[in-house]
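Peer 1: Sequence:
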Amino acid sequence: MRNNQQVNSIQMLRGICALLVVWAHSYSWVDDVYPNMGKNLFSFAFVGVDIFFIISGFIITYVTDNRKEQVATLFLIKRFFRVVPLAWMAMLFYGLASGYSISDLFNNIDFIKSLLFIPIDSSAQAPAYGYGFLIVTWTLIYEITFYLIFSISMLINGKYRSAICSVAIVSLVILLQYFSSDLVSLNTHEKLSLPELSILTSIYGVLANPMMLYFIVGMILAEVYMVLPSKNNHVVGAICLFLILLCLSYLTMISMPYNRLIIVGPWCAVIVMSMLIWEKFGGLKVPKMLIILGSLTYSLYLFHMPIKMLFYSRRLPGFEFFYAGFSGFSKLFFFTFLSILISSCVFFTFEKFFIKLGRYFSNKLIYHEESKKA
1 MRNNQQVNSI
11 QMLRGICALL
21 VVWAHSYSWV
31 DDVYPNMGKN
41 LFSFAFVGVD
51 IFFIISGFII
61 TYVTDNRKEQ
71 VATLFLIKRF
81 FRVVPLAWMA
91 MLFYGLASGY
101 SISDLFNNID
111 FIKSLLFIPI
121 DSSAQAPAYG
131 YGFLIVTWTL
141 IYEITFYLIF
151 SISMLINGKY
161 RSAICSVAIV
171 SLVILLQYFS
181 SDLVSLNTHE
191 KLSLPELSIL
201 TSIYGVLANP
211 MMLYFIVGMI
221 LAEVYMVLPS
231 KNNHVVGAIC
241 LFLILLCLSY
251 LTMISMPYNR
261 LIIVGPWCAV
271 IVMSMLIWEK
281 FGGLKVPKML
291 IILGSLTYSL
301 YLFHMPIKML
311 FYSRRLPGFE
321 FFYAGFSGFS
331 KLFFFTFLSI
341 LISSCVFFTF
351 EKFFIKLGRY
361 FSNKLIYHEE
371 SKKA
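The numbering of the sequence shown is full-length UniProt numbering, which starts it at 1 and goes up by one.
Derived from the structure by calculation, the hints contain no laboratory data. Note that the structure is predicted; figures quoted are calculated from it, not measured. Glycine included, C-beta positions come from ideal geometry on N, C-alpha and C. Be a bit skeptical, because a hint or two may be false.
[Said to hold, decoys possible] Distance ranges between label pairs, derived from CB positions:
(1) Leu-175 with Ser-101: 42 to 52 Å
(2) Pro-287 with Ser-181: 46 to 56 Å
(3) Ile-152 with Phe-353: 22 to 32 Å
(4) Tyr-250 with Phe-353: 37 to 47 Å
(5) Lys-364 with Asp-104: 35 to 45 Å
Taking the hints into account, I'd like the entire structure generated from these sequences.
Peer 2: Given below as structure tokens:
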């Protein structure tokens, strides 16, 4: 059992990836002024999602290294309050900012499916399957699926939870693909040949998608990171920095690939691995501002699109200054600043509250179980 401290390199990466996702959804403003410049600079920003998945596998393994955290029920309670309520808030905010009434929203099948974290269109292109009512929420379906598999793995054996979870994910990807199409592929955009079973088909597609393999990479990195002793070698830091820059130089030359796991996955894995090695052995000092940005990641990830819809679709009379006088890069960076500012308010007001609520209910459950034993 270890007293795990925050891994600052991971916090920094989370914040940077959130910014990449923000820019991926807004670089067209740069193209409006400088044709194709935004695309050339930011079309690679989609990799923020791939890195997020690796980071998620790392964090979940890392934070459950303490035996007290290896209780599936407690884990799911904390994960529920960490992820779900804020996502529901963001979806509702986005719907209202888009001009829907409350009654319209709850009559909208895409909104309902997104609230339930069900892919909205099983016939659409994998791995997003129609994205979601709020475009970023498709990734949460994979996250929640991973949490469920991980919790079952802890039920089987807490010590070997990451190994069991990895075997389960690989088995599901291979077997479900084989049963549906008699072949196994690492192509994340491959559509399975499935009968139209609506919700079941969508869930089947998520479980069988190779995007799930990203979580395994994160789990492996966490297991290795936790057993290695810390040292301080600036040569190691320089090598890690070189590897990160090399990976970024490659990633910036590509647009959204047809098979992201094969084309960008290894490079994303090397970036995360290099950051961890740099912190563990190279004496990486992460600026405090980037650590703070990392804390805001989830709020920023969820709320930048509702903010964009509210302030930049001219739905608020009298708020023209949010877009008047700004264009190109100035519009992009002002939107980024505004998103960080509002996301900070969301984080301190709502996200932290939901996290505390999850801890409260998990502690109540612990107390209840201990009372029964007494």
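Peer 1: Compare the structure with each hint and give your call.
Peer 2: Comparing the hints with the structure gives:
no. : hint                             : verdict
1   : Leu-175 with Ser-101: 42 to 52 Å : holds (44 Å)
2   : Pro-287 with Ser-181: 46 to 56 Å : holds (48 Å)
3   : Ile-152 with Phe-353: 22 to 32 Å : holds (29 Å)
4   : Tyr-250 with Phe-353: 37 to 47 Å : holds (41 Å)
5   : Lys-364 with Asp-104: 35 to 45 Å : holds (37 Å)
Hint violations for this structure: none, all hints satisfied.
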